[in-house]
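Protein chains in written order, with the numbering used here: chain W, 3 to 419; chain Y, 1068 to 1367.
Incorrect hints may appear among the rest.
Chain W is nowhere near these chain Y residues, computed Cβ spacing over 10 Å in every case [unchecked claim]:
1) K1105
2) D1107
3) L1110
4) V1119
5) H1121
6) A1149
7) S1157
8) P1295
9) L1298
10) D1318
11) L1330
12) N1332
13) G1333
14) D1336
15) E1346
16) R1353
To spell it out: a stretch of chain W is covered by chain Y in this simulated footprint if at least three of its residues, at any positions, have a beta carbon under 8 Å from a beta carbon of chain Y; those stretches are [stated by the list, open to error]:
17) 139–147
18) 184–198
If you're looking for bench data, these hints aren't it; they were derived computationally from the structure. For clarity, every value in this text was computed on a predicted model and none was experimentally measured. Don't be surprised by glycine CBs; every beta carbon is placed ideally from N, CA and C.
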Amino acid sequence: MKKRPELLAPAGNLEKLKMAILYGADAVFIGGQQFGLRSRAGNFGYDEMAEGVAFAHARGAKVYVAANMVTHEGDIEGAGEFFCQLRDIGIDAVIVSDPAMIEVCLTDAPGLPVHLSTQASATNYETLRFWREEGLERIVLAREVSMEEIREMKRQVDVEIETFVHGAMCISYSGRCTLSNHMALRDANRGGCAQSCRWKYGFFEADELLTDEMAARDEEPFSMSSVDLAMVRHIPDLVEAGVDSLKIEGRMKSIHYVATVCNVYRQVIDAYCDDPVGFEFDPAWEEEIWKAAQRELATGFYYGVPTENEQLFGKPRAIPQYAFAARVISYDPTTQLATLEQRNHFRRGEDVEFFGPGFVRFTQQIDELYDETGAMIETANQAMMTVRVKVEQPVATDFIMRKRKAGVVNTPVPSPV
Amino acid sequence: MMIQLVTTAQSVEQAEALIMAGSDRIYIGEATYGLRHKGDWSLEAVREVTAVAHRYGKEVTVAINNLMHNHQIETLPDYLAALKDIGIDSVTAGDPGAIRLIRNANIPYWYDAQTLVTSARHIQFWGKRDAIGAIAAREVTLTELGLIQQQIGLPVEVQVYGPTCIHHSKRPLLTNYFNEIGRPNDGAEKREYYVSEPSDAASRYPVYEDENGTHVFSEDLTLMGQLPVLLTGGLHTWKLEGWHAGHAFVDIVRLFDKARSDLLNGRFDRLVMERRLAELQPEQFRLGTGLLLRNPEEIK
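Here chain W stands alone, though its shape is the one from the complex (with noise of 0.2 Å):
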């Protein structure tokens, strides 16, 4: 048995809060109506914050907020009694970047844990010993820090690490680039950020413009965008070095997303920590992984520095597309029926497949599908429409039904390392 690092994951929004929890998460990380780095994504009210911190202690979850805002005058008004409403409503931790918004925090809602957020980029031991001492309970690593620096520091430093496992990534030091700010008037660094890294750009040498002549030869255009990342094949390291929270990204992400990534890391962290001699890589953990992936996956700098194939250029790949097709509320054993609420159209004779938690997966096609009457339909074609469907195999409650979308399917690229 080794030690479990917690598995964190984002919730946008308190039904994404519930299915990761559901779904294996030990921890999520949500953001609250102020203060956060995602102005767009489902933030959390005070009294939503109090239900997911119920849901998740009655599971012996932790929820955190991130308020990693790099805050301009006037922005950090209200802090301290953010902190503190925080705190009371049993929040577990803090995720901040702005050591002004550190200050307040540990001065203002003493008792409520501060975790350096990953937007501050510490990628030294210096650095993680410079907060321990200012009384942070863990460090979120920079993205550009190595596996053999993580081992490094957990050797020279006693404080808690995270690092990011999966997810979307800048392709600069987070928080170093305000190409958003300077070419679209948006502040990267208060939730604004354009993406504007993977925009195409002109490129020049000297004065002369290279875009026609290389468009001419059918070249690329400069860009500056990141495959996404993902260590689904790498918990083994993660967990040797010491790390001891692993990070999905994606607050903006659909409850698929979540569902899918935290229940494959579940599993891959289980099946390493119960047994590391015996431990075998499950192909199928990876297969899983892609059907709920955006862009190709790489390790990130964590053996290495990136090269241009982790990086996007040209057309996009074709990546098989699934959506969420339904959510089961209920199950009668003996009749074989699901209840589903829909959230995507599908219809009778469609292939699908049904998912829950523990990594239980199977495929079918639908042969019966019901409405709430009982009559016999052909689709399922409203939104949160309530309907039936006969099973093969046993499901339960908060499984999610899933389909392929229509597009090009191509062999997922395997992951380097």
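Start from chain W and add chain Y according to the hints.
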């Protein structure tokens, strides 16, 4: 009242010329511990430039403002000891680990976490931890800079001329790009590359790669026209970045030195000075004010 001109320098000779032109503090660095400095600033050269500056009663600041990884932090104490021995006047730093070591070495430091330095309270946090001043993020508007300076006793350095970094990636984005398109990448670090944004073909953002990754710069900022506002707002530390001004840089510094004395003598003529700066400006680089003159409410 003391207005300090802080200028980058690319060689000992240029540093001396800059001092003659009015520079009060020479800002140098090399890529292991500092970010984006031109010139070969070996310890020997640092010793030499420090001797020159001190002979004129001027100061030297060395950049320690990199994002340090373990291997850099490991050797930093030796580097700091060498700087201390040379007698440099101060360093810049934004990495809390580096700051920890700088405080141990008892060297005065300016807080410089680049894009992150955006509020008085943030600067005060480091003031309480011995910072002697702070370098404001270039994304902070002039209105906000005034508000910040009002609240704190430490000097806030404002960039009055030159480009600023608006994107720092640890990845070699130029090399990656050249590999992707199959273009030979011999000596890419010596050539000048620019990108233009999709919706503004006339824009030019210099892109440059070194051992710390890839850096994208803004247009050349200038606050020549706003120097009176800086003066009355108590913003008296003026940084001039000579990244690509080349031979014109010494003359540009001289012009700002004249602007300073004109201002103090009540003879500052904004239009004339702006015109002279435009004449000195290398033509391939656009002069602008970035976000400095924006209304803070515009940037969300």
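Hint-by-hint comparison with the structure:
No beta-carbon of chain W is positioned within 10 Å of the beta-carbon of K1105(Y); the least distance is around 17 Å. Residue placement check: D1107(Y) keeps its beta carbon more than 10 Å from all beta carbons of chain W (closest about 23 Å). Consistency note on L1110(Y): stated as away from chain W, and its beta-carbon is indeed over 10 Å from all of that chain's, at 22 Å minimum. The non-interface label for V1119(Y) is consistent with chain W: the shortest C-beta to C-beta separation is roughly 32 Å, beyond 10 Å.
At roughly 30 Å from the closest C-beta of chain W, the C-beta of H1121(Y) stays outside 10 Å, upholding its exclusion from the interface. Distance check on A1149(Y): its Cβ is at least 18 Å (rounded) from any Cβ of chain W, clearing the 10 Å threshold; non-interface status holds. A cut-off of 10 Å between C-beta atoms confirms that S1157(Y) is not in contact with chain W; the least separation is 20 Å. Listed as a non-interface residue, P1295(Y) keeps its Cβ farther than 10 Å from every Cβ of chain W; the least gap is roughly 22 Å.
Its beta-carbon lying about 20 Å from the closest one in chain W, L1298(Y) satisfies the requirement of being farther than 10 Å from that chain. Even its closest Cβ contact with chain W, about 22 Å, leaves D1318(Y) beyond 10 Å, as expected for a residue assigned away from the interface. Annotated as non-interface, L1330(Y) keeps its C-beta farther than 10 Å from every C-beta of chain W; the closest such distance is 26 Å. Consistency note on N1332(Y): stated as away from chain W, and its beta-carbon is indeed over 10 Å from all of that chain's, at 32 Å minimum.
Consistency note on G1333(Y): stated as away from chain W, and its beta-carbon is indeed over 10 Å from all of that chain's, at 30 Å minimum. Every C-beta of chain W lies more than 10 Å from that of D1336(Y), the closest at about 30 Å, which supports listing it as non-interface. Non-interface status of E1346(Y) relative to chain W is upheld: no Cβ of that chain comes within 10 Å, the nearest being about 20 Å off. Listed as a non-interface residue, R1353(Y) keeps its Cβ farther than 10 Å from every Cβ of chain W; the least gap is roughly 12 Å.
Counting residues of the segment 139–147 of chain W whose beta carbon lies closer than 8 Å to any beta carbon of chain Y gives 3, which reaches the threshold of three, so the coverage claim holds. With 9 residues having a beta carbon nearer than 8 Å to a beta carbon of chain Y, the segment 184–198 of chain W meets the requirement of three or more and the stated coverage holds.
The structure fails none of the hints (numbered hints given earlier).
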